[in-house]
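Enquirer: Kindly produce the complete structure, drawing on both the sequences and the hints.
Top to bottom, those sequences are chains U and P.
Using the UniProt record's numbering, the first residue of the first sequence is number 1, and each one after it goes up by one.
Using the UniProt record's numbering, the first residue of the second sequence is number 1, and each one after it goes up by one.
These are calculated hints, taken from the structure and not from any lab test.
There may be inaccurate statements among the hints.
To be verified - Pairs of lysine-lysine residues, derived as DSS-like cross-links and limited to a Cα-Cα distance of at most 25 Å, are as follows:
| hint | chain 1 | residue 1 | chain 2 | residue 2 |
| --- | --- | --- | --- | --- |
| 1 | P | Lys145 | U | Lys134 |
| 2 | U | Lys14 | P | Lys122 |
| 3 | P | Lys122 | U | Lys277 |
| 4 | P | Lys145 | P | Lys85 |
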Amino acid sequence: MDLMEKLELVELPKLEGHTDRVWNVFWNPVSTLPILASCSGNNTVCIWEHNSLSHSWSCKTVLEETHTRTVRSCAWSPSGKLLATASFDGTTAIWQNFGDEFECISNLEGHENKVKSVSWNVAGSYLATCSRDKSVWIWEVLGGANEYDCAAVLNGPTQDVKMVQWHPTMNVLFSCSFDNTINGHSSTVWAISFNAAGDKMVTCSDDLTLKIWETDIAMMHSGEAYAYWNHLCTLSGYHDRTIYSAHWSRDNIIASGAGDDAIRLFADGPSYILLLKKENAHDMDVNSVQWSPGEENRLLASASDDGMVKIWQLATKQ
Amino acid sequence: MVSGLINENPTVYERKERRVRTDSTNTDEFSVEPIDQLEIFDILFFDFAIVNIHHIRDIRDPEHPYSLEQLKVLTEDSVEVDDLKSYVRVTFTPTVEHCSMATIIGLSVRVKLMRSLPPRYKIDIRVAPGSHATEAALNKQLNDKERVAAALENPNLVEMVDECLSPSFE
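Expert: Shown next, in the form of structure tokens:
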């Protein structure tokens with residue numbers, strides 16, 4: 001079966017509302033109705049909801065007046081009740097959903113400057129943030145989720161850290177950086193994404209490649225001090241500009257968003273073939289792509305410098 | 001610490017004659033004119049929005065009251081442009097190898113182009129190969145979108161960039 005011939009990304013009505021570039025999108029992991037958070041260069045975060053009657057998306061809430069600079073990254077907690085937002089103002093805000101409104105219940109300070117990424121661990125008991133100050137902080141969630149204690153400050157990276165990501169099943173934290181760590185890339189690594197099983201990951205880079213890595217998951221679970229990740233393959237020659245984002249779906253399709261305004265989809269191994277290239281997915285750089293968590297929907301959200309958030313439906317051509 | 005300028009005695013070159021662009025054959029206001037090398041240089045020189053005449057060749061050096069053209073930091077050959085692909089690359093030559101003003105210069109050129117070119121354009125800025133002690137690191141920083149965005153939120157840096165970009169009335 002030639003998968004390449006069969007798939008297409010159908011654009012659903014655009015989500016307009018941001019007045020500046022959109023850096024990141026994140027689907028609420030548990031909501032039965034699809035809810036999407038997006039964050040922007042104009043210091044705000046939008047929460048989008050789908051109205052099934054009108055088949056349209058609207059910005060239900062704007063989270064503003066908390067961050068004083070660009071909001072670079074946002075992440076829902078695994079429970080779906082909390083949203084963490086990381087900003088160039090050096091802080092990470094935690095928002096809680098109270099019915100129709102969101103309230104900032106906590107503000108994590110400590111980084112010396114721009115916070116670039118935030119990630120919750122699988123249990124929602126830890127939050128990790130990383131920054132231009134070259135450190136990774138781990139925060140422990142205490143009590144009723146409005147208390148956070150800094151559990152650790154990691155100063156391993158030698159340059160600014162672009163993204164942190166917890167392993168999907170274990171309390172292991174990964175970070176990628178301006179200094180090419182995560183070995184093998186020849187320039188800045190912008191993002192990491194794991195497959196659902198947690199035994200493979202994809203990294204994307206300024207060096208125009210995606211790299212696929214795998215590990216022995218049994219060894220990880222056994223509590224070995226260090227589980228080695230093998231470099232499986234490099235996907236090169238597909239992207240023309242920096243790849244800012246990559247996301248591995250539950251049904252094993254890898255999406256990438258790049259500075260050439262395109263979204264690409266790749267199949268899982270062993271072949272990792274290019275399934276689809278959506279040129280001009282946006283009018284400017286694609287900063288973030290993320291698959292929706294639902295098993296059935298196969299929706300992909302994307303965010304761009306053009307100020308738009310788009311939602312795509314993965315469909316089979318008729 | 002030695003206070004003073006990075007480059008106290010820069011070599012100053014003559015400015016080139018400005019070419020007057022006339023395209024009398026094309027009177028259609030709505031036709032799309034392809035952007036070429038000279039235009040980019042001119043943007044680094046002329047802004048076709050008529051009201052303001054900003055000069056990229058006239059972007060001022062952060063340390064001296066001379067333009068980047070006069071210091072040969074930028075020349076017409078500095079600019080590679082492909083309008084069909086919406087791509088431009090500007091290569092500049094700092095006057096001294098350890099020039100710490102290189103980031104300001106690179107940032108200024110990028111900002112000027114961002115303000116002058118259509119948003120579809122992809123912009124790469126780099127230092128001329130062999131012209132700077134930390135070339136690779138500098139190029140990476142100049143082209144890291146996140147770093148650039150963060151820099152442009154820093155009021156001190158923005159002020160320095162605006163200073164370089166403000167028109168000089170001679």
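Enquirer: Now, for every hint given, state plainly whether the structure supports it.
Expert: Hints, verified against the model:
Our distance criterion of 25 Å between C-alpha atoms is met by Lys145 of chain P and Lys134 of chain U, whose separation comes to about 17 Å. With a C-alpha separation of about 23 Å, the suggested pair Lys14 of chain U and Lys122 of chain P falls inside the 25 Å cut-off, and the hint holds. Annotation: proposed proximity of Lys122 of chain P to Lys277 of chain U holds, straight-line Cα distance about 19 Å (limit 25 Å). A distance of roughly 19 Å separates the Cα atoms of Lys145 of chain P and Lys85 of chain P; the hinted pair therefore holds under the 25 Å criterion.
When each numbered hint is compared with the structure, no violation occurs for any of them.
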